[in-house]
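Chains as they are written, first to last, in the working numbering: chain W, 1 to 238; chain C, 1 to 587; chain B, 1 to 179.
Source of the hints: derived by calculation from the structure; they are not laboratory data. Beta carbons are placed, not taken as given, at the ideal position from N, Cα and C, and that holds for glycine. Some hints could be false.
[What the hints assert, rightly or not] So the derived list for chain B, only partly shown, Cβ under 7 Å to chain W, looks like this: (1) 123; (2) 126; (3) 127; (4) 130; (5) 131; (6) 134; (7) 157.
[What the hints assert, rightly or not] Now the stretches of chain C that chain W is said to cover, found in silico as 3 or more residues with beta-carbon under 8 Å: (8) 490-500; (9) 567-580.
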Amino acid sequence: MVLRARGLTRRYGRDSGLVRAVDEVDLDVPAGQALAIMGPSGCGKSTLLHLLGGLQRPTGGQVWLADRRIDTMSEWASARLRRDSLGFVFQSFHLMDELTAMENVELAALLAGQPPRRARQRALHLLERVGLADRAAHLPSALSGGQRQRVAIARALCNEPLVVLADEPTGNLDSAATLDVLRLFEELHTAGQTLVVVTHDPRIAAVADRVISMRDGAFADDRQVVGAATGTVYGRRR
Amino acid sequence: MAGRLLFICQLLVRDLRRRRTETVLLLVAITAATATLTLGLTLNEIADRPYQQTRTATAGPDVIVTPRTTGQAALDELAARTTAAGVTDHSGPFPIAYLTMTAHGRSAHAVVEGRDDAPVSIDRPAVTDGTWVRPGGVVVERAFADALGIRTGDTVSIDGHPLRVTGTAVTAARATYPYAGWHYSGSVLVERGGLVWVDRSDIATLAGSQSLSYTLNLKLADPAASATYPVGDQLTTWQAIDRLNGRLYSDAQMTLLVGSWLLSGLALAGVAGIVAGRIIGQRRRVGLLKAVGAGPAMIAAIHLAEYLVIGLAAAATGLVTGWFAAPVLIRPSAGLIGSVNAQPPALRTVIAATALALTIAVAATLVPVVRAAATSTIHALADAATPPRRRRWRIWLSRRLPTALLIGVRINARRPRRARLVTVNTLITTTALVAVLIVNTQAVHFDLGYTALANPRVERGEQATLVLTVVVCVLALVNAVVSTWTAVLDARQPLAVARTLGATPGQAGVGLALAQLLPAVPGVAVGIPAGIGLVAFVSIGEVQYPPGSWLLATALGVLLAVAALTAVPAMVATRRPVVDTLRSAPT
Amino acid sequence: MQDVVLAMLAKEPAHGYELRSRMRDALGPLGEAMNAGQIYVTLTRLAKAGLVTSERADGLPDRPDRRVYTLTPAGQQRVAAWLTEVTWPKPDLAEFHLKLVAAASARLADPVALVDAQRREVLRRLRDAQRAALGQAVDPVAGLLLEGVVLRLRADMEWLEACERMWTKGDRTGRKARA
Ligand SMILES: Nc1ncnc2c1ncn2[C@@H]1O[C@H](COP(=O)(O)OP(=O)(O)OP(=O)(O)O)[C@@H](O)[C@H]1O
Ligand SMILES: [Mg+2]
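Same shape as in the complex, but just chain W (with noise of 0.2 Å):
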């Protein structure tokens, strides 16, 4: 398992403004999954994925990322942590307005240590793969939402993660440009990257191999997809 969650619980406030955003979700993702967690806004999916990529800290339970347990890292470790293993991709984007789509993706490389023409080398290959290798020199506002998303997602992808969670990674954009963002997760997919995605779309359940549906703060249901492929068989697990 890559990624493994047990009784993992977040709660906000106390008493009668008690909110339970995460409810004791217990979680395994192996290597190469591709999940969807799907649910109503306000449900906890973002909450969610904070506890597991240790952007938060959860009220109870534990998180392992390949084996090691991230909850109860200090702030520099999982610093560390997020900078080697994780990529982060926001609904919001959160590019640096100020830095090129190039300079974007090159900063996740030289904040992980790599020499300057490395991290160079880098940004330009995954540009290319997300397409956007004639935009290279472009400030964030020049492009458009969905090829800021691309950006972000070569940016998560700088550093070669075991995990890149992806939170709404659609959610401010159009039919086409979602279509590219599927595209371009459809490709990681294949190519054996793990995935954690979050969002109220269900067009995402098309490149997941399992959709997991939250409410609540819990997870209702949990669907694996078998043969995704060929894509008729789902099978219930809970």
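Here the structure of chain W is known, so what remains is to put chains C and B with the ligands in place on it, guided by the hints.
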């Protein structure tokens, strides 16, 4: 129209309330500048008004004649004066001797004037403590007594003759200590000294072998007519004495006026920083306002109204602060009576302070407000950061630096205008601090030659410098806090992004501190020569430079303060979970 | 089906197999499932109704797919009328809705479970349609049709979510009333 005004007022009140800290900081910055200006201008009045009061209270003369000749020759010369045209009344001639007084082991020149017990029509010194002269006693001019630490009941000696101090008094017929007009008999060179009164019967004993001089007080039909009398070593007028008394304050006034310009600059930089930060936050609102149909004029009005209100409030607080602080910080000479706060500030002071406050507010807001009002609606709504002119070399450089520097340099490249503001801010702060440092060095070396007595003039200058130093430091601190704080607010999002990419909180914090420090370095570097140049430019005498190590310490101190002030809020900001920051960041 | 075939003949007379491949191209991945015989059945019916005529092509065996079909004037009129028509297929949600109501009132089944099952089915279809759309080779015109299918299915998903919210709430209030 009424609806619009109401709308503007509503927005204004909301805004001021919602951003309380910024409002207070703005107020502090502008208040400091106006208060210093008020202080500087008020000094004029302080020097001037108590003299008028003293003159009225003591029936001060219009013209005072003290011939160079002595003895009978002097008396003959003075007799003719009493009948000159326009003279309505006179008192004297009174005998004068230029002697040395010793009190508590310290000596000083004393102008000794012989007086009678009976009151005279012109120049009745007002006794502020004890009683008027009697045989064997001496009354000391209050400022002189103050400087020598003499109290009623003490015993002093004049040229070796012990005398009991029966009281202290003030007069308008001579300038206060140290300008009482002491000189060696027959010499035209005036030296510093104070005035004392003794009984007319005692003066001959005191003078010993020295022949007595005489002084005569004249009252004119028209006090202003005294201006036609030729002022010299033998004759003086009330206007000349007034001016002489004012000299006590001229150093201080210069310091405070120059200081208030420096402070205005600092305030401007600080206000510009705050406003820039506010406008960034208000960009989206500008877009919304435009979307609902507000024109550029309306938007500019909304924002300027806010700063005008703050400016006016700051002018008022500055005036009041300056006015009340003036007598506390710079007490009027002890040689004069009357309080300083008897009357409200002069109109020109009010106008000058208000104008300064409004100028600062408007100057700092105009550019960003107009720019915000003129941006296209869509642009403002999208709140896209204006693509800055990109600094290629910086980006190139940053790729070769350690992580913290990499983040710092890139954040800087992101906000060139903010970086420039930091430079200006540190430049003005350093200039002011260096100027203050030099003035301080100056004061220490001033005129210690003659006597161990403190020189009230230098003392006042030092007080003014102290006031200035404190205000400059406070304002510099406020400025640094404001600029670093807005920088931290501004950089939260990129820092959070960097952290999702794996930068540690430490790297992010240090990076931000570096982002502030880099533009501060040129500011400090230029600030030192600028401060030296400023003092050299305004001071008349030779400039005494402080040791280089002090200057270096000042420079390092400023840089250290900037770094520390940024690092602390940056560290605090990075303690916040990344997720919260990203969540609250505009998409 | 009839109107579609007629409209495709409006441009020029064509062989049956030409019509079939044209249609398959336009439908893209969805065309794969089309029954080959269906088009000839339709053409035969149209010929009977006098809307098309057909003649044997030279040098070819006389089989339905080798004949060339042409519109008659009546056929042309019918095409013109069809083009101006504005009918639109109605998705029949009432039936599922009533199923839920009946299941809930008679306690036949848990409506939420029904919704869940239905959603899985819709999700499966959506997934298939989206996967088909993802294929690199899809011609843009055919892709448009897939997009339409995906959009409708997404609308269905959203409606099912609304159903679930409704019935979960009903469940809760019901439980509360019983307690
Ligand atoms: N900082 C916080 N303080 C209190 N409650 C919070 C906080 N952050 C999130 N929540 C609550 O936790 C719950 C889950 O939030 P989360 O952002 O994970 O939802 P989501 O499934 O991602 O929703 P969406 O699809 O709209 O993004 C929500 O009810 C939210 O109100
Ligand atoms: Mg979310």
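We went through each hint and held it up to the structure:
1. 123: holds, 6 Å
2. 126: holds, 5 Å
3. 127: Holds - the Cβ of residue 127/B comes within 7 Å of chain W, reaching about 5 Å at its closest.
4. 130: holds, 3 Å
5. 131: holds, 5 Å
6. 134: Because about 6 Å separates residue 134/B from the closest Cβ in chain W, which is inside the 7 Å limit, the hint holds.
7. 157: Hint holds; residue 157/B Cβ to chain W Cβ min 5 Å, cut 7 Å.
8. 490-500: Coverage by chain W holds for the region 490-500 of chain C (7 residues, Cβ < 8 Å).
9. 567-580: holds (count 3)
The structure fails none of the hints (numbered hints given earlier).
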